[in-house]
Amino acid sequence: MSWLRQLFSRRRLYKDLSEEIQEHLEEKIEELVASGMSRKEATAAARRAFGNVTLAEEDSRNVWRWPFVEELLVDIRYGRRALRHNPMFTAAALLTIAIGIGANTAVFSVVNGVLLKPLNYPNAEQLVSLHQIAPGAPGLADFENGLHLSPSMYFTYAEHNRAFQSLGVWDTGTASVTGVAEPEQVRTVVVSDGVLQALDVPPEVGRWLSEADQVPRGPQRVMLSYGYWQRRFGGDQSIVGRNITLDARPREVVGITHKGFRLVDTDFDVILPLAFDHRNLILAGFGFEGIARLKPGFTIAEANADLTRMLPIWMDSWTNGPGTNPHFYETWKITPMIRPLKREVIGNVSDVLWVVMGTIGLVMLVACANVTNLLLVRIEARQQELAVRAALGAGWGRLVRGLLVESLMLGLMGGTLGAGFAYAGVHLLLAIGPTNLPRISEVSLDVRTLGFTVLLAVLCGLLLGLIPALKYAGPRASLALHSGGRAASAHRERHRARNTLVVGQVAMALVLLVSAGLMIRTFRALRTVDPGFTDPQHLQVMRISIPGALIAEPERVLRIQDEILEKLAATPGVKSAGLVSEMPMEGFNSDWDCIFAQDKTYPDNVMAPLYLYKYISPGFLQTSGTRLIAGKEITWSDIYGLRPVVMISENLARDIWGTPAAAIGKQLREFPSMPWHEVIGVIQDVRERGVQDKAPEIVYWPPMMEYLFGRKTLDTVRTVTFVIRSERAGTEGFLNEVRQAVWSVNSNLPLASVRTMEEVYDKSVARTSFTLVMLGIAGAMALVLGIIGIYGVISYTVSQRQREIGIRLALGAQGGDVLRMVFKQGAKMALVGVAIGIGAAFALTRLMTNLLFGVTAYDPMTFGVVAGLLMLVALLACYVPARRAMLVDPIVALRYE
Amino acid sequence: MKKTVQRDLFPGALEMMILRVLRRKPSHGYALVQLIKRTSHDLLQIEEGSLYPALQRLLKEELVKAEWGVSSTNRRVRIYTLTAAGAKHLEREVSSFEQMLEGITRVLAPGEL
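Heads up: the sequence lines are chains A and B, in that order.
Anchor point for the first sequence: position 322 equals 322 in the numbering used here, and the numbering is continuous, going up by one each time.
Anchor point for the second sequence: position 23 equals 1023 in the numbering used here, and the numbering is continuous, going up by one each time.
The hints are simulated quantities; they were obtained by calculation from the structure and are not laboratory data.
Bear in mind the structure is a predicted one, so any value in this text is a computation, not a measurement.
From the three backbone atoms N, C-alpha and C, an ideal C-beta is built for every residue, glycine too.
Treat each hint with caution, since some may be false.
[Claimed, not checked] Over the 12 Å line for every Cβ pair with chain B, so calculated as not near, a few chain A residues:
hint, residue
1, 24
2, 94
3, 658
[Unchecked claim] No more than 30 Å apart at the CA atoms, straight line, and that leaves these computed lysine-lysine pairs for DSS-like:
hint, chain 1, residue 1, chain 2, residue 2
4, B, 1065, A, 15
5, A, 632, A, 575
6, B, 1025, A, 15
7, A, 15, B, 1037
8, B, 1060, A, 15
9, B, 1037, A, 40
10, A, 694, A, 333
11, A, 632, A, 694
Please work from the sequences and hints to get the whole structure.
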């Protein structure tokens, strides 16, 4: 470690050195004096012979140094001093950079957590979702979420595959837990064997569910989620092995999942095993999500080929019942489209996040442009200093480095501050972000995010310093010594960089504002869409499930539901109440199946177009504000009397019979052995999957039928959404009364998903409103920064041209002429900026097409309004300096001469 | 900076001469430069100051060591002594220098080309 010793003994070394040199000179002088010279002559002669003392000392010292590092340290010290001497400039620059970097870091941490990080499973890259599509299936044209797997498909795939280590199917649901405290509805996932094995996350306590737990009518077992275990049982390990009551049946707890474990992106309270009865399975029943882990070395294409190979095996091995053709599904053109599990989890949110990231990046550029402008102004004032340094022998490389070091320091300090802002920003973002953003729990400021911040800070620092450095510290730096000072009135050359920056700022602000404008138009367009219900803030919804173990007979279930509706209707302030299998946008999976119309013919007479199924009670339409287009509503006596009646949506009526009126009195059914049901009413179209999506065709069945869910057994829909119209919806007092009303009928019924329809609606447009808010913020920031930029440049040129203006005024120019002159300069920059911005926006807004609704990416109105607004604001920004120019007193201005 | 130091010398020449002088007898900076000047009959234009960076380089590479002492003229001076490594280095340098010189001389010799 001799260099370390050197570092510490350096002071000694230097002292020795100067002493030694002094002694050398003394000795020489003495000798010369002794030979007869005067002392003065001797001193001069000794110095002449010695050469430059300072330089010799400096060079000697340099032997012990790392010149690069030490010069850098000097530059840093120098830079720090320069920044401290200009506190206003430094504060403004730092704040701008810090906000820019903070905002970027915050958004990046979300992008990183949601899009970039691998999923939270071991070797997550092997995990895939068994997505498949069926473009040939008629009716339900959009298997937008893909065609789910049927249990028989799962068995075929599990048994015959070559590409997967493990494979399984799962679904979500709800169940009620009783016997612990108040009855509680919990979120469940049901999994087949293979799902937990594929995910491969060991349980926190106990064991996984395994094949032995999936025997039909075998022992009933359950796994608890870590969160539910903590919440309900206080993390008591002895719960493993004990029973809990789920849907009125005891189930033994076999294990607790790992902390933070989620199934794909589903948070849940308990995991239940699927127990398919192998013998009763048919081909159909496409109700499950498939998940699998690829064998090492297998690609997705190979896995797709593997599934394709097994489809004929599936059709050969199972049937939909006697008289049906199992190979009928060939017409559906079922095509495996396996996706990485990560894509499945992220869904369509990546569009939004990338747009927001790009937007915030643009804001950063605008902010950098502003700070660069500040730096340019400041460096102009420092030109003399630079020239002096150049004259004293500093190479231009050294000067450039000095300036870059200074701007880098700005960048890094801004970055440090920005990291603090980002910390707050992430929380803000998560607060205003869509609550249904996937992986939101994984968003944090991690190493990668901090790395991003550092990178950004360095880039920003370099970018800031580059233009001033190249412009002023370049080889011509020494010229300034001659021209510096007052003789330098504005020559065009000097303002070019600044003007270019302002033009760039205006252009970027325009892009951001146009994007924000398009989102506003989208939002307004969404608001004008009739979702199929009215006045959502006065619509209270809640889910109630009546499990078979609690009440077995279907008719009693219906009577209880009926009674609850009556109690609810009698609650003070309630106008009406009704029930439905699920409200639009609630996000529960609807049933769907074939629909045969009596007066149509179908190939094979086995399969007909597929449509969504819903089940509604009398009074539902009135309560939700959904219009009856034709015919009449279903009645309680229709339902209790099991009368074969049905209602359909308007678009379904048009689809099959041309007009709503023509549909009334026609007959339809689900499968051949089911009696024909008469269409008695046609209901307006409803935006089932959110206002952005087209309304699907829907069949509205009575909630109790002799043929329900494709089987000939009297049954009723046990899990339904109760809908209540009341001015008091959403208030705490009202909810208490609602709960009491429900429990006065049966105290074992938990209420779940208690919300107003407005909340449901807001959640369904959360993606749009989030994008809108983010683009709005970004646009506003860019606008403000742009205005500051224009204002700064104009007022700076005005102050520089004061003398010239004074002369003009003295020579007879009018105030108006001066005003016009200044305005012309501002308008020119703004115009060029707007023109460039329009071009850029044309290219960039295309990228957000997926986020738009009811407006094209080239909407001329948005472009026009934003361009006009920007021009206006730019001119306003010129007004203050222009007025100042007009008021220049020629005497005062000229006296500076 | 270095341009002035080695206007008439190639890099390392001054160091080599210093080492050579020190091999005969330890001495201080002023005496060293006088000796070199005198021995070369003032053929070499050496700025006295340029001696010191060279001495520091030798010190850093531990080819010489320095100690404060008193000179024959009774001055407080820093006396430099050759180290073993310095002696070895000098030998290597001199032999490679002689080789180089011989090469140059041959090329420059009249009549050969």
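Holds or violated: residue 694 of chain A and residue 333 of chain A, Cα atoms, limit 30 Å.
Since the Cα atoms of residue 694 of chain A and residue 333 of chain A sit roughly 24 Å apart, the hinted pair holds (cutoff 30 Å).
Just to be careful, I want the Cα atoms of residue 632 of chain A and residue 575 of chain A compared with a cutoff of 30 Å; is the pair within it?
This hinted pair holds, its Cα atoms lying about 21 Å apart.
Check whether the Cα positions of residue 632 of chain A and residue 694 of chain A lie no farther apart than 30 Å.
25 Å, holds
Given the hint that residue 1025 of chain B pairs with residue 15 of chain A, does the C-alpha gap stay at or below 30 Å?
25 Å, holds
Agreement of residue 15 of chain A and residue 1037 of chain B with the hint, judged by alpha carbon distance not exceeding 30 Å:
27 Å, holds
Are the Cα atoms of residue 1065 of chain B and residue 15 of chain A separated by 30 Å or less?
Since the Cα atoms of residue 1065 of chain B and residue 15 of chain A sit roughly 16 Å apart, the hinted pair holds (cutoff 30 Å).
Run the distance test for residue 1060 of chain B versus residue 15 of chain A: straight-line Cα separation, threshold 30 Å.
16 Å, holds
If we take the beta carbon of residue 94 of chain A, is the closest beta carbon in chain B still more than 12 Å away?
It holds; residue 94 of chain A is separated from chain B by about 37 Å at its closest Cβ, greater than 12 Å.
Is the hinted pair residue 1037 of chain B and residue 40 of chain A satisfied, with a Cα-Cα distance of at most 30 Å?
OK: residue 1037 of chain B and residue 40 of chain A at ~24 Å, within 30 Å.
Exclusion check [residue 24 of chain A not at the chain B interface, CB over 12 Å]
5 Å, violated
Chain B versus residue 658 of chain A - minimum CB to CB distance exceeding 12 Å, so not interface:
Holds: least Cβ distance 96 Å, greater than 12 Å.
Hint 1 alone, counting from the list given before, is not met by this structure.
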